[in-house]
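Colleague: These are the residues of each chain, in order.
2 protein chains.
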Amino acid sequence: MIVDVSKNILIVGLGLLGGSYARALKRFGFHISAITKEQSSIDYAIAEGLIDEGSIELDENIIGSADLVIFALYPHVFVEWIEKNQHLLKSGAIITDVTGVKGSIVYKIQDMLRDDVEFIAAHPMAGREVSGVENSTDKIFQGANYIVTPTAKNTPEAINTCLELGRLLGFSNVTTLSPEEHDEMIGFLSQLTHCIAITLMTCNDKENMEKFTGDSFRDLTRIARINDLMWSELFMANKDALLEQMDMFADKFNELKTMLRENDVEGMRKMMRHSTKRRALFDKK
Amino acid sequence: MIVDVSKNILIVGLGLLGGSYARALKRFGFHISAITKEQSSIDYAIAEGLIDEGSIELDENIIGSADLVIFALYPHVFVEWIEKNQHLLKSGAIITDVTGVKGSIVYKIQDMLRDDVEFIAAHPMAGREVSGVENSTDKIFQGANYIVTPTAKNTPEAINTCLELGRLLGFSNVTTLSPEEHDEMIGFLSQLTHCIAITLMTCNDKENMEKFTGDSFRDLTRIARINDLMWSELFMANKDALLEQMDMFADKFNELKTMLRENDVEGMRKMMRHSTKRRALFDKK
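Residue numbers (this note's numbering), protein chains in the order written: chain A, 1 to 285; chain B, 286 to 570.
Derived from the structure by calculation, the hints contain no laboratory data. Certain hints may be false.
Said to hold, decoys possible - For lysine to aspartate or glutamate, the following EDC-like pairs were computed, each having C-alpha atoms within a straight-line distance of at most 20 Å:
| # | chain 1 | residue 1 | chain 2 | residue 2 |
| --- | --- | --- | --- | --- |
| 1 | B | K562 | A | D205 |
| 2 | A | K206 | B | E529 |
| 3 | A | K206 | B | D568 |
| 4 | A | K252 | B | E442 |
| 5 | B | K537 | A | D247 |
| 6 | B | K369 | B | E345 |
| 7 | B | K524 | A | E262 |
| 8 | A | K277 | B | E492 |
| 9 | B | K569 | A | E207 |
| 10 | A | K252 | B | E551 |
| 11 | B | K542 | A | E233 |
| 12 | B | K496 | A | E180 |
| 13 | B | K369 | B | D400 |
| 14 | A | K139 | B | D500 |
| 15 | B | K438 | B | D500 |
| 16 | B | K322 | B | D400 |
| 17 | A | K90 | A | E157 |
| 18 | B | K555 | A | E233 |
| 19 | A | K37 | A | D115 |
| 20 | A | K277 | B | E529 |
| 21 | A | K239 | B | E466 |
| 22 | A | K84 | A | E60 |
| 23 | A | K206 | B | E551 |
| 24 | A | K206 | B | E465 |
| 25 | A | K211 | B | D568 |
| 26 | B | K524 | A | D264 |
| 27 | A | K206 | B | E466 |
| 28 | B | K491 | A | D251 |
| 29 | A | K252 | B | E540 |
| 30 | A | K284 | B | D490 |
| 31 | B | K375 | B | E442 |
| 32 | B | K562 | B | E551 |
| 33 | A | K90 | A | D115 |
| 34 | B | K555 | A | D228 |
| 35 | B | K569 | A | E129 |
| 36 | B | K537 | A | D116 |
| 37 | B | K542 | B | E518 |
| 38 | A | K206 | B | D532 |
| 39 | A | K284 | B | D500 |
Pulled out of the complex, with its shape left as it was, chain A reads as follows (with noise of 0.2 Å):
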C-alpha cells in the first residue's frame, strides 16, 4: 500500500476506536466505508464525514470492493464475523484488526482463512474511558504503541502494511512482536494492573474512605472503573499468560508481607530500592 489513497477501506465495528480509525486516515484521502450495528453511527460519521459510507447490514459491495479491512470488534465477535462471511471479502485484501490479546485469535483466524485473503495482525494500544463513535478522536493515538504480531504464514507485503497503517494512524512506536511476546507483555503492563485496581477497590468496602483520599489511591484505581463485558472477555482469551502474572505478583506481594511481618527492615529497603530504581526506566521520555 504505502499511501496509495485509491485503496478502499473498510472499517467492520465503529466505535471508539474504530471511528479513530477513520477519522486519521480520512485526512490521507482514502475512500473509507463502515459496517457496524448502529445507524445511528453511521449517520453521525458521515455527518462528520469520517466516512464515505456505511451500512448495518452485510452490504456486499462495500465488503467485495474493500482491499483492507479492519476489524474493531470484540474478539469472539470477530472470530463469528470472518466464520459466516468470509466469502464476502475481496480476493487479495488483507484484513487486520485492533484485539487486545493475539496468541487465542490470530492461529484461529489464519487457519479458518481463505487462502486468497492474508490476515495480518496488529494491537493498537489506546483508549479512552468513554465508548462510542461520538467520542472517536485520533489524539488517543499520539504517544502510544501500535504493535503488529506478524506469523509464519504473513507475507513481508502484509507486514509492511500493517506496519505502514500505524504509521498513518500517527502512533508514536509502531513494532512487531510474536503473538506469544505481545500477551505475555500485554499480561503484565495491561491485564495485571487492571486486576490490581479492582481488586484494590473492592477489597475493603468500608465508608467514607473516600473523604480522605489522595492522588495514589486514585491513581492506582483509575482502570477500575472497567467495562465489565470486554475485560473478561480479554481476561479469558489470555488467561494462561495472564495467571503466570498473577501467580508472579502475588508470591512478591507475600515475600513483602512475610518481610513486615517479621520485621526484616532490611529486606523491605532493598525491595524499595529495586523498584525505585527500576521505575526510573518507565519514566515517560
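Start from chain A and add chain B according to the hints.
Modeller: Same frame as chain A, now just chain B:
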C-alpha cells in the same frame, strides 16, 4: 490561638513539609523559628523570608519561647527528641506533629510528656516526590486532607488550635479521627497502595517492558519511586493495621485468580461492576 499572630511558632525539622508549613504560616505574620540539621536549610529559609530565626543547635531561647512547636521529623527521631529535650519546652506550650502513623506514636509521646505541655497529633496528608526546604510550597495543601487525632488526654483548646492550624495552612479538608481510625484508613489508602506499587514494579524484571508501557502502568507505579528509609519506618510503625489491609487485598486478589482459573466469567463481571460502582465515589469532587 485563632490567628493570634503574637504567638511564636517553632518548626523542628525544616524539610519539604516543615518548609511548606513555614511558607504558609509566614503570610499571617507569625514569628517563626526553626531548628534543623543543616545550616544550609536555615540560611535558605531566612533568605527566602520563610523564618525569622533558626539554629542547628538546641537553642534554649528559641525552644523556650515557642508557644506552638511543630515536629516535622521521622517518627523515631521525634520520639527521641521528646525523650531527651522536652525539659527545654515552654510551660503551657502546645506541640503537634506531621507523622503519617498515629497509634504507635501518639500515646507514647503523651505518656512521657510533661504535664504542663500538651501534644495534639495531626497528619497533613500532603507531600511531593522531591524533598528539602528548597522544594517547599504551600500549594501541596490545596485540595488535601489535614487530620487531627485527639485522645482522651487532649483539651478542647488544643484540639481547636490544631484544627485552626490546618485551616491556616490552607488544607481543603480539616477533620478529626481517632488514632486507630486514622491508622486503618492510612493503612488502606496510602500504605497498601505503596505496597502494591513496589510489588508490581519488582515482580517481573523482564527486559524492554518499558518500551510498551502505557498510562495505566505508569499510574499504578508512580509511587513505586519511594524513599526506602522513611517508608520502611512508616510500615513498621503501622505494622498490624497494614498487615490486616494486605491480607484483605491478597484474599480478594486470590478470589479473582480463582475465578479466572475456573472460567467463572459471571463472577469476574460482578467484581468488575462492583469496582466500577465503588470507584465513582472516589472521583475528585
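Colleague: Are any of the numbered hints broken by this structure? If so, which, sorted upward?
Modeller: When the structure is compared with the hints, numbers 4, 10, 15, 16, 19, 20, 21, 23, 36 and 37 turn out to be violated.
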